[in-house]
Amino acid sequence: MRMHWRDVSPGERKMANRPKDEILHDHNNDGIDRRGFLKCMAWAGTGAFCVMQGGVLKSYSMSRLSEMNPADMKGELSFVQISDSHMGFNKPANPDVAATLQAAVGKINALSTPPEFMLHTGDISHLSKPEEFDTVEQILKSASAKDVFYVPGEHDVLNDDGKQYHERFGKGAQPGGWYSFEKKGVHFVGLANVMNLKAGGLGTLGQDQLEWLEDDVKHLKSSTPIVVFAHIPLWTVYPEWGWGTEDSAQALAYLKKFGSVTVLNGHIHQIMQKVEGNVTFHTACSTAFPQPKPGEAPSPGPMKVPAEQLRSVLGITDVNYVQGKHALAVVDSTLA
Amino acid sequence: MRRSVFVASLLVTAVMGLGGMVAEHKSFVASAQEKQASSAEVKIDNFSFGPVAITVAVGTTVTWINRDDIPHTVVSTDKVFKSKVLDTDEKFSYTFTKAGEYPYFCSIHPKMTGKVVVQ
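Taken in sequence, the protein lines are chains A and B. Going by this note's numbering, the residue at position 107 of the first sequence is 107; the numbering climbs one at a time, nothing skipped. Throughout, this note's numbering is defined as the position within the second sequence, counted from one, plus 336.
Next up, chain A with everything else stripped away, as it sits in the complex (with noise of 0.2 Å):
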């Protein structure tokens, strides 16, 4: 929540403290200003609100967000990203994922704006069970935001293909899981890249669901916000861990044409945002238990942190649209 001052060197609290808080370099003449967004990621980890308003960036430490203008926070469209929750893990790097996940909820009642709805970004259960599909959807009944939207993970989808996940959650969606929807004059489309993956392959849209989406925007104004969700990272993160998606590239293309498009993805279980053109690519948290950062451990697996941090590394996303502005401002926070 506040960001502890004793946790942040001299020259963050120095920065933090600037009166000016706008950041304007913008060295490429195209309304992004990237030195301001890679200071902003930096401060990520001790809470910083980065804004992307008319093509500047503007960024704000989280412990003064009590002095902003609401008007600049607020939006028409208020919307929390969470994601994999694996309901079912129970080992050292988190005994109880039920509570974790619990605090995510308590964590997104207690925002100021209440979201409009939830986006979970897969990775629902741990082993695909019954009961740990049960218990999440149990325990995001308490969440402020009724309405959640989810696409698979691969956890959500062993042993049967899919078919418990698409009877759970995939009401209105096509077969292979993906749909689309409108909130407010943003189009949300949630894509679904974990099924048929292939041997040492990254993970997979396929030629049907690519052929659906050009469909899906090919009439839309390029105004239109686009917001995309899909549960493994739609930019290439780390191939060597299968941390990207081998046909994104297409997809992207299809959405060339809009001025904003967010992209919200989970799987790595820590936060990474970059910004390429006119699209804004964002990982969530996961509320179960972190991965390590990309090379720095010998495996992708669960990273065991000590037990009083470990609410530090697990978090919730909350993003807001304010109609006419360029991008969506992604807020992270976490659950410490």
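Do not take every clue at face value.
What the hints assert, rightly or not - In the EDC-like style, the derived pairs of lysine to aspartate or glutamate whose C-alpha atoms are separated by at most 20 Å in a straight line are:
{"#": "1", "chain 1": "A", "residue 1": "K257", "chain 2": "A", "residue 2": "D216"}
{"#": "2", "chain 1": "B", "residue 1": "K420", "chain 2": "A", "residue 2": "D160"}
{"#": "3", "chain 1": "B", "residue 1": "K447", "chain 2": "A", "residue 2": "D247"}
Claimed, not checked - Which chain A residues stay away from chain B? Per the calculated CB distances, all over 12 Å, these:
{"#": "4", "residue": "A103"}
{"#": "5", "residue": "E116"}
{"#": "6", "residue": "D160"}
{"#": "7", "residue": "H166"}
{"#": "8", "residue": "F181"}
{"#": "9", "residue": "F188"}
{"#": "10", "residue": "G200"}
{"#": "11", "residue": "L220"}
{"#": "12", "residue": "E240"}
{"#": "13", "residue": "P302"}
Note that these hints are calculated values from the structure, not bench results. For every residue, glycine included, the Cβ atom is placed at its ideal position computed from N, Cα and C.
Following the hints, complete the assembly by docking chain B onto the known chain A.
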């Protein structure tokens, strides 16, 4: 003379007896070895199969055991065999009755691959 013949025949019998015992012993050892050779184990840990590639005789039962703290599956690339999801300490066995090469992977983490060569 008779005594030496008697002793000789005793010796021969003994040797034959011993030889028979040795032969039986040999066949006992051989069958024990065959039983050992007809099973092999692959450990799954740290997002990898160990050993990555094994060579076994026709008729061998290979058992995969998951020692990782995350579930995995064992799926043949050519759809010859497919395990259900294996949580920590769960096993999957398959008996290879035909010679050939059997590449496989974990369908949850497709970067994990292995191979069984059956000769």
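Comparing the hints with the structure gives:
1. K257/A <-> D216/A: This hinted pair holds, its Cα atoms lying about 14 Å apart.
2. K420/B <-> D160/A: Holds. K420/B to D160/A sits at ~9 Å (cutoff 20 Å).
3. K447/B <-> D247/A: Holds. K447/B to D247/A sits at ~16 Å (cutoff 20 Å).
4. A103: holds, 22 Å
5. E116: holds, 33 Å
6. D160: violated, 10 Å
7. H166: Given a closest Cβ separation of 17 Å, the condition holds.
8. F181: Its Cβ never comes within 12 Å of chain B, the nearest being 28 Å, so this holds.
9. F188: Label holds. Min Cβ-Cβ 27 Å, cutoff 12 Å.
10. G200: Check fails; 5 Å does not lie beyond 12 Å.
11. L220: holds, 33 Å
12. E240: Non-interface label fails for E240/A: nearest chain B Cβ at 7 Å, not farther than 12 Å.
13. P302: The assertion about P302/A is violated, with a minimum of 6 Å to chain B.
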